[in-house]
Structure formats: C-alpha cells, structure tokens
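Asks: Sequence:
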Amino acid sequence: MTTVLVVDDESDLLACIEGLLEDEGYSVVTCPDGKAALDYLREARPDVALVDLMMPIMSGFDLVRAVKEERRLDGMPIVIMSAVEQRQELLQKLGDRVHAVLKKPFTADKLLGTVRKLLTAPAAAAAP
Numbered sequence: 001m002t003t004v005l006v007v008d009d010e011s012d013l014l015a016c017i018e019g020l021l022e023d024e025g026y027s028v029v030t031c032p033d034g035k036a037a038l039d040y041l042r043e044a045r046p047d048v049a050l051v052d053l054m055m056p057i058m059s060g061f062d063l064v065r066a067v068k069e070e071r072r073l074d075g076m077p078i079v080i081m082s083a084v085e086q087r088q089e090l091l092q093k094l095g096d097r098v099h100a101v102l103k104k105p106f107t108a109d110k111l112l113g114t115v116r117k118l119l120t121a122p123a124a125a126a127a128p
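With the first letter of the sequence shown counted as 1, position 108 gets the number 108 in full-length UniProt numbering; the numbers rise by one all the way through.
Just so you know, these hints were derived from the structure itself, not from any lab.
Beta carbons are placed, not taken as given, at the ideal position from N, Cα and C, and that holds for glycine.
Worth double-checking, as some hints may not be accurate.
Claimed, not checked - Here are the simulated distance ranges between beta carbons:
#: 1; residue 1: 19; residue 2: 119; range: 30 to 40 Å
#: 2; residue 1: 69; residue 2: 107; range: 31 to 41 Å
#: 3; residue 1: 120; residue 2: 96; range: 14 to 24 Å
#: 4; residue 1: 107; residue 2: 72; range: 24 to 34 Å
#: 5; residue 1: 15; residue 2: 83; range: 16 to 26 Å
#: 6; residue 1: 108; residue 2: 71; range: 31 to 41 Å
#: 7; residue 1: 54; residue 2: 15; range: 10 to 20 Å
#: 8; residue 1: 1; residue 2: 75; range: 16 to 26 Å
#: 9; residue 1: 107; residue 2: 42; range: 29 to 39 Å
#: 10; residue 1: 12; residue 2: 74; range: 25 to 35 Å
#: 11; residue 1: 71; residue 2: 105; range: 30 to 40 Å
#: 12; residue 1: 42; residue 2: 109; range: 30 to 40 Å
#: 13; residue 1: 23; residue 2: 120; range: 16 to 26 Å
#: 14; residue 1: 110; residue 2: 2; range: 16 to 26 Å
Based on the provided sequences and hints, a complete structural model is requested.
Replies: If you want it as structure tokens, here you go:
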C-alpha cells in the first residue's frame with residue numbers, strides 16, 4: 001500500500017488531509033511537527049511526504065534540510081504546503097528535494113492531483 005506522510009501543526013487540516021488520502025486508498029502517517037516526522041523518517045520511508053513550512057519544534061525548512069542528509073530518502077517526493085506566496089523563492093531555498101508547492105488554502109482536487117502525479121513520476125517509481 002502506498003504510504004503518505006503528512007506533517008502539519010494544524011490538527012484540523014491534518015485530520016482533513018488524512019481523511020481525503022485514506023478515502024483514496026492511501027496509508028497515511030501524520031506528524032504534528034518536523035521533529036516527529038524526522039523520527040518517523042529515520043525508521044520508515046513513505047512514498048511521498050506533504051510538509052508544512054511553519055511549525056513549532058522543527059520547521060518544514062529544517063525537516064527538508066535534514067532529509068537531504070538521509071541518503072536512503074533520496075528520490076522521496078516532498079510537497080511543501082504553505083501560505084507563503086513566493087513559490088519560486090521557496091523552491092530555490094529548499095533546492096532539489098522539493099518536488100511541488102501547494103499554496104494554502106488548496107482544494108482537495110489539487111492535493112490529490114499533486115500526490116497522484118508525484119507517485120507516477122519516474123523518480124518515485126524508481127525509488128527503493
């Protein structure tokens with residue numbers, strides 16, 4: 001089963017995204033902050049990660065930087081979820097580890113379409 005990691009400190013949004021993805025048949029792991037997500041990622045490798053940028057304890061920026069150091073996570077698609085307007089600046093700051101940016105608020109169709117697209121991309125298919 002395809003596993004999606006969702007990292008966000010907004011519990012209502014986390015529950016909403018979890019429900020949407022589960023309804024589509026995905027296995028979903030949720031984490032309320034970057035540190036909890038990094039702890040999970042040290043033990044497991046989801047097929048895609050949806051990461052909020054602004055979180056307590058460890059931000060999405062710091063999580064993406066930490067993921068870059070984990071070679072076994074190479075190729076794992078990361079989607080940034082953020083209310084920040086400057087999409088290109090975000091992509092430049094976070095480098096090649098970020099595969100997409102979803103601007104909050106986003107629609108269910110946009111979220112699901114992004115996840116589907118990344119899961120069918122060649123890099124995701126070739127990942128261990």
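Asks: Are the hints correct? Go through all of them and say.
Replies: Hint-by-hint comparison with the structure:
Distance hint check: the CB atoms of residue 19 and residue 119 are about 19 Å apart, inconsistent with the given range 30 to 40 Å. Take residue 69 and residue 107: their Cβ atoms lie about 33 Å apart, and the range 31 to 41 Å holds. At roughly 19 Å, the beta carbons of residue 120 and residue 96 sit within the given window of 14 to 24 Å. For residue 107 and residue 72, the Cβ-Cβ distance of about 33 Å falls inside the hinted range of 24 to 34 Å, so the restraint holds.
Distance hint check for residue 15 and residue 83: the Cβ-Cβ separation is about 18 Å, which falls inside the suggested range of 16 to 26 Å. For residue 108 and residue 71, the hinted distance range of 31 to 41 Å is satisfied, since their beta carbons lie about 34 Å from each other. In this structure the hint that residue 54 and residue 15 lie 10 to 20 Å apart at CB holds, the actual value being about 18 Å. Separation of residue 1 from residue 75 is about 19 Å and conforms to the stated range, judged on CB atoms against 16 to 26 Å.
The beta-carbon spacing between residue 107 and residue 42, approximately 33 Å, falls within the hinted interval of 29 to 39 Å. About 33 Å separates the C-beta atoms of residue 12 and residue 74, a value consistent with the hinted range of 25 to 35 Å. The beta-carbon spacing between residue 71 and residue 105, approximately 35 Å, falls within the hinted interval of 30 to 40 Å. Residue 42 and residue 109 have their C-beta atoms about 33 Å apart, which keeps the hinted 30 to 40 Å range intact.
Separation of residue 23 from residue 120 is about 19 Å and conforms to the stated range, judged on CB atoms against 16 to 26 Å. With their beta carbons about 19 Å apart, residue 110 and residue 2 fall inside the hinted range of 16 to 26 Å.
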